[in-house]
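Residue numbers (my numbering), protein chains in the order written: chain X, 24 to 387; chain H, 24 to 387.
Please keep in mind that the hints were generated in silico from the structure rather than gathered at the bench.
Bear in mind that the values here come from a model prediction, so they are computed numbers and not experimental data.
Treat the hints with care, as some may be off.
Intra- or inter-copy, both count: the list cannot distinguish identical chains.
Simulated pairs of lysine-lysine, DSBU-like, Cα-Cα distance not exceeding 35 Å [unchecked claim]: (1) K250 / K338; (2) K358 / K338; (3) K250 / K358.
Number of protein chains: 2
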Amino acid sequence: MPLVLTDRVLMGPGPCNPYPEVTLALGRPMLGHLDPEFIAVLAETSERLRQVFRTANPLTFPVSATGSAGMEASFVNFVRPGDAVVIGVNGVFGERMCDVASRCGADVVRVDAPWGQPIDPQQLADAHPSPAMIAVVHAETSTGVRNDIVPLGELKGDALLLVDCVTSLAGIPLEIDGWGIDLAYSGTQKCLGCPPGLSPLTVSERARERLLERPSSWYLDLNMIAKYVTGEGARAYHHTAPISMVFAMHAALGAVLEEGLENSWARHAAVGAQLHEGLAELGLELFAAEGHRLPELTTVWVPEALRSEEAALRKQLLVQHGIEIGGGLGAYAGKLWRIGLMGHTARSRNVTLLLGALAELLDR
Amino acid sequence: MPLVLTDRVLMGPGPCNPYPEVTLALGRPMLGHLDPEFIAVLAETSERLRQVFRTANPLTFPVSATGSAGMEASFVNFVRPGDAVVIGVNGVFGERMCDVASRCGADVVRVDAPWGQPIDPQQLADAHPSPAMIAVVHAETSTGVRNDIVPLGELKGDALLLVDCVTSLAGIPLEIDGWGIDLAYSGTQKCLGCPPGLSPLTVSERARERLLERPSSWYLDLNMIAKYVTGEGARAYHHTAPISMVFAMHAALGAVLEEGLENSWARHAAVGAQLHEGLAELGLELFAAEGHRLPELTTVWVPEALRSEEAALRKQLLVQHGIEIGGGLGAYAGKLWRIGLMGHTARSRNVTLLLGALAELLDR
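Please build the complete structure, drawing on both the sequences and the hints.
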């Protein structure tokens, strides 16, 4: 390592700055993946995850790879070739779901909404008479939009309801059991305040009854993984768990629960509101539809006059102030900024800092 | 975290104890996955990995999941349904290859050898007239056997040669380019002295020409990942890299190269020999065929008289001495011990400790 290490205020779309106790936990002495002490940490991690997901699902655990692997696990274990899968698409991660599902042989039925607008739940319900699955992103990291999930629990019928909670978990209200969600995955590097590397996953008993016996992926095979993580039957080795990352996630969930999940939601809401107000005061215009704006991920238009230097401005923020923010994706590259306030980064002082830096930079 | 943390001398089949500089690197301040400083660390990690793999392959990088995901990436990106894939099987990981390959639709042609014995390379070459791939495990973690790879480089013909290097990389001589290996994957928690969580992968240019355009796995799609990790064309975001684990692997590879790769091989060889001699002096009998014994992973018969208490003896080692060793797998559960000397664990002092503890335990 270099003697002087760069650190950043990570206000992009993830990773966030980890909670200090998480950074400490990463360095916890290594244990074997079958060590009784590690098994106890893993069990407690899953139990904490149930509390944060608000679920009683026994099959709740961290997938040993980043959030997109949680997405893949959610499709590859449940989708049979030819299954109708209805997917809401209003950003990059809805698009990604279509790609993943179609590789599993799904008959993908898209329900599109413009970027920046939410998906209409009724449209999802009406898109196909008997889909095997309805899938939607709760918090679209590419646009800063919150999609409504609650109505889908009642509208889903016989379908499995799959929700991408990568950027919502611990950041905004989410109730897996209360809302009738059958399958959900998340990431660690967003509102959980942990480094990237794992994908929290929860699978309802209703979904487990529909598990494929032998999915095309061995690494993500939930039948095999369940034997290791739940210890149902004998605890069978599947693959070597990423021990240090599980330590980190255990600590991150501990930090969230110590603060209180509802307090974590409230803190994200408060700093998001502070940022939205401050940006308006700077004369900047928010992108996401009002009423569906995420507090933890804010999208804001780059003023027209500055678009030619958009990347240079972000670079200046990074180099001069040590602040990372994100750029727009797809058609919005160069036109939007994406500002994250997630996990440990979701502090009022960071909003104050960013607004001050932007004021300097934009000379307002 | 509890105030008192358990630490272990990790002499099982992995994870090993990480190098101290690796544990420090885990706590390095978080950076974004598109931060120029992180991109530089990732590029240097890949360059170090090329040195340790002894390859010039541009597509050499850590897969964002544990070793078995490297195995899956190696099949899922190259195997078309109906392809003949010849696989050597003399332990758990050869078996796993068959499972993974068959899920990709391969016509799997097995070449079996008894556990504890090496695979005959000529038998692999003769198993099928024109296989798409020949796959074999270099160091079988389940049996402690080294399979011969060198002859396969000449015998492979038009097939791609895939080698599982999970337990061999940095532990015993391995020459990706020199031996004509087209595809190889490894793990971080073995002789690299790093926590588990990533899978080093290297892909020859010959193999890249045969990449499937759209493999069934999105997460492991090498076409897409290559755009992020190599920066060929524009550097396109694929998934969020597991930043802290990349920091750890960067440091682990640094430790290996600072010592010198050949010195690392020699250290593993020396402590392995010390252990083999010491076990013989205790009257214990080695399992793996002579001439094909791995120094980094030793299999030894549990004396017949002690087999009924095998698990209890390992537990006593763990609780009383803080030493983890592994048990046998499959038909050898309860009959074998597997002793790892990998990465930072591969120290003479650990051999001395284990032999002393075993002498106490076995009352010899």
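Going through the hints against the structure:
When the C-alpha separation of K250 and K338 is checked against a cutoff of 35 Å, the pair qualifies only between copies, where the shortest distance is 22 Å, while the shortest distance within a copy is 47 Å. For the homomeric pair K358 and K338, the shortest alpha-carbon distance inside one copy (15 Å) is at most 35 Å, but the shortest distance between copies (60 Å) is not. In this homomeric assembly, K250 and K358 come within 35 Å of each other (Cα to Cα) only across copies, at 23 Å, whereas the closest approach inside a single copy is 48 Å.
Of the hints listed earlier, there is not a single one the structure fails to meet.
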